[in-house]
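Taken in order, these protein sequences are the chains called A and B.
First residue of the first sequence? That's 1 in the numbering used here, and the numbers climb one at a time after it.
First residue of the second sequence? That's 1 in the numbering used here, and the numbers climb one at a time after it.
Everything labelled a hint here was simulated from the structure, so no lab data went into it.
Ideal placement from N, C-alpha and C gives every residue a C-beta, glycine not left out.
Fair warning: there could be bad hints in the mix.
Facing chain A, according to a computed beta carbon distance under 10 Å, are these residues of chain B, among others [to be verified]: (1) Arg104; (2) Phe106; (3) Gly108; (4) Leu109; (5) Leu124; (6) Phe145; (7) Tyr168; (8) Ala171; (9) Leu216; (10) Gly228; (11) Asn232; (12) Arg239; (13) Thr253; (14) Val256.
What the simulated footprint calls covered on chain A by chain B, stretch by stretch (three residues with Cβ under 8 Å from a Cβ of chain B suffice, anywhere in the stretch; the number is not a length) [said to hold, decoys possible]: (15) 11 to 25; (16) 63 to 71; (17) 77 to 84; (18) 130 to 142; (19) 149 to 159.
Covered stretches of chain A, going by a simulated chain B footprint (3 or more residues, C-beta under 8 Å) [unchecked claim]: (20) 45 to 51; (21) 242 to 250.
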Amino acid sequence: MALFVVRRLAASLPLLFAASLLVFGALDLVPGDPAELIAGEDARPERVAEIRAELGLDRPLLVRYGEWLAGLARGDLGTSISRGMPVRQLVGAALPPTLELAVAAYLLALALGIPLGVVQAAAGGRVDGALAVAVSVVISVPSFVVGTLLLWLFAIGLGWLPASGRVPVLEDPVGGLRSLALPAVTLAVAMGAVLARFTRSSLAGVLCQEYIRAARAKGLAERTVLFRHGLRNALVPVTTIAALQVGQLLTGTIVIEQVFTRPGVGYLAVTAIRQRDVPVVQGVVLVFVLVFVLVNLAADIAAGLADPRLRR
Amino acid sequence: MSGRTGRALARDWRCWLALGLLAALGALTVIAWATLPGPVEQTAPGRLLGPSLAHPLGTDELRRDVAARTFAGLRGSAVVLAAAVVPGALAGAALGMAAGVIGRWFDGLVMRLVDVWLAFPGLLLALGILAVTGPGKTGVGLTLFLFMVPSFARLARGQARAEMTRDYVLAARALGASTPRIAVVHVVRNAWEPLATHLALMLGVAFFIEAALSFLGLGVQAPEPSLGGMVNASRQYLREAPFYLIGPAAVLTAVVLSLNLLVDAVQDAASGGLRRR
Chain A
1 MALFVVRRLA
11 ASLPLLFAAS
21 LLVFGALDLV
31 PGDPAELIAG
41 EDARPERVAE
51 IRAELGLDRP
61 LLVRYGEWLA
71 GLARGDLGTS
81 ISRGMPVRQL
91 VGAALPPTLE
101 LAVAAYLLAL
111 ALGIPLGVVQ
121 AAAGGRVDGA
131 LAVAVSVVIS
141 VPSFVVGTLL
151 LWLFAIGLGW
161 LPASGRVPVL
171 EDPVGGLRSL
181 ALPAVTLAVA
191 MGAVLARFTR
201 SSLAGVLCQE
211 YIRAARAKGL
221 AERTVLFRHG
231 LRNALVPVTT
241 IAALQVGQLL
251 TGTIVIEQVF
261 TRPGVGYLAV
271 TAIRQRDVPV
281 VQGVVLVFVL
291 VFVLVNLAAD
301 IAAGLADPRL
311 RR
Chain B
1 MSGRTGRALA
11 RDWRCWLALG
21 LLAALGALTV
31 IAWATLPGPV
41 EQTAPGRLLG
51 PSLAHPLGTD
61 ELRRDVAART
71 FAGLRGSAVV
81 LAAAVVPGAL
91 AGAALGMAAG
101 VIGRWFDGLV
111 MRLVDVWLAF
121 PGLLLALGIL
131 AVTGPGKTGV
141 GLTLFLFMVP
151 SFARLARGQA
161 RAEMTRDYVL
171 AARALGASTP
181 RIAVVHVVRN
191 AWEPLATHLA
201 LMLGVAFFIE
211 AALSFLGLGV
221 QAPEPSLGGM
231 VNASRQYLRE
241 APFYLIGPAA
251 VLTAVVLSLN
261 LLVDAVQDAA
271 SGGLRRR
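All chains should be modelled from the sequences, with the hints used to inform the complete structure.
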């Protein structure tokens, strides 16, 4: 098992390396010289050279890449151009709203999607068909359209929930959950629909197996057959999909935060791109990639724990 | 396409509904272009008006026709998809095909690259690229192009490897056909079907990414219309002008829905048309 974990860890290194190259390269590819930008239009060439030396831009690329990596290892993500603050501080402040949203949406999607898929597979026939069509339609509505519709209905029309902003859940549970409700539901709808689809097809496939017939013939209650023998086996592929969806969950927050003006990491990144604040975007992309790699690692390890065959 | 798959498709209502929806959207785009004022003309009698005969979906905050802007936005998306997604798919397929046919170290190198590339979620790639290019169509096009390459490369490579072991390839080789000739003449002809299905699937994903980026204000820039940008603008006026949202939202959903239905129908037809229960 330890060997398996080490091997998975090693396998994620190329991705981290590629991401670091891409992110570092981005700063160099940006048109225009950052030193000239900081010095201003009428600056003397000597002044620009001075700033260039200060930023370390006069040294070779590889040296700068090495120093940048060393900075990363110390947790130094650079300084925001537009706000003059350390990127680490900006990203750190934006992480809690995003994590709250991601966790709430994920739990909601699991709680909605899997039972829906079970109902479909167990009911079959017309109920299954009608729900399948509904799921297809729901998957096809872009998340920002779902969010804007919910905003219109619950925040503007009925006035039940706040339209924007974020209240920390841990400090003010009621206000926090109220500000979290619409974004979390929006993000959960599409993901829940995908999970429902996979649970349905996986469980329907399992229910056709011989051992289910044997369990029924043995006289087991239908509920026992469905949950103990059916769902348990059907959930293995669903777990894989659920883990893969974490990537979509993270990028989904970027769009949802914009819909509900929630000051999270995605909101920070979008604002930074509009202001051409490259260090902030770099920081956000790196943090996202890191979280993404860690979550996938955890999912792989969990799958390895559940199914020893995957450890080979 | 084999005859059986085609017949199964012809019997599937999802296929007809999807093609009908896409045809209707195409027709509406032409009609809107021919009969409505231009998408950036501020000629309507008032701002945020409700639907009327002259302005079927009402007007926006700058006295422009919402229907004209909606269908012009759809046309713009179609142009971006045609310009970025299709070349990206072809480039990916060519890369994968080459890896599968050539094999050895080249195959290994390409596939390791593809693994890393695929691990990057689409919107994250977009953030990285748009940080360099700045908001606008160039960055979006580049993102979509790069987003298409890896999955097509992986699929085409698998197809090519499977085809290369077939007897007819051996026969062609025995007849003296060169490797590039075998790849172009034989492998492509036998391996294109799954690639076409995958293109329909990825078109839906790419359409969503393009719309999401314009919603974020990082894609098509004002005053040029875009479906995502219109949904974003309508958020400000939900109280006074809820109908503003409906046109672009309905068109966005209809496009993704038809592409999804088409993919479902083709996949079911290709797997023998087996529908459980």
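Each hint, compared with the structure:
1. Arg104: violated (20 Å)
2. Phe106: violated (18 Å)
3. Gly108: With Cβ-Cβ at 13 Å, over 10 Å, it is violated.
4. Leu109: Hint violated; Leu109/B Cβ to chain A Cβ min 12 Å, cut 10 Å.
5. Leu124: holds (5 Å)
6. Phe145: violated (16 Å)
7. Tyr168: Nearest chain A Cβ about 34 Å off; hint violated.
8. Ala171: violated (38 Å)
9. Leu216: holds (5 Å)
10. Gly228: Constraint on Gly228/B satisfied, holds at 7 Å.
11. Asn232: Check passed: Cβ of Asn232/B comes within 8 Å of chain A, closer than 10 Å.
12. Arg239: At 5 Å from the nearest chain A Cβ, Arg239/B passes the 10 Å test, so the hint holds.
13. Thr253: It holds, given that the least Cβ distance between Thr253/B and chain A is near 5 Å, below 10 Å.
14. Val256: holds (4 Å)
15. 11 to 25: holds (count 6)
16. 63 to 71: violated (count 0)
17. 77 to 84: Violated: only 0 residues of the region 77 to 84 of chain A have a Cβ under 8 Å from chain B.
18. 130 to 142: This one holds; 6 residues, not fewer than the three required, reach chain B with a Cβ under 8 Å.
19. 149 to 159: holds (count 4)
20. 45 to 51: violated (count 0)
21. 242 to 250: It holds, with 3 qualifying residues against the three required.
In summary, the structure is inconsistent with hints 1, 2, 3, 4, 6, 7, 8, 16, 17, 20 from the numbered list given earlier, while agreeing with the others.
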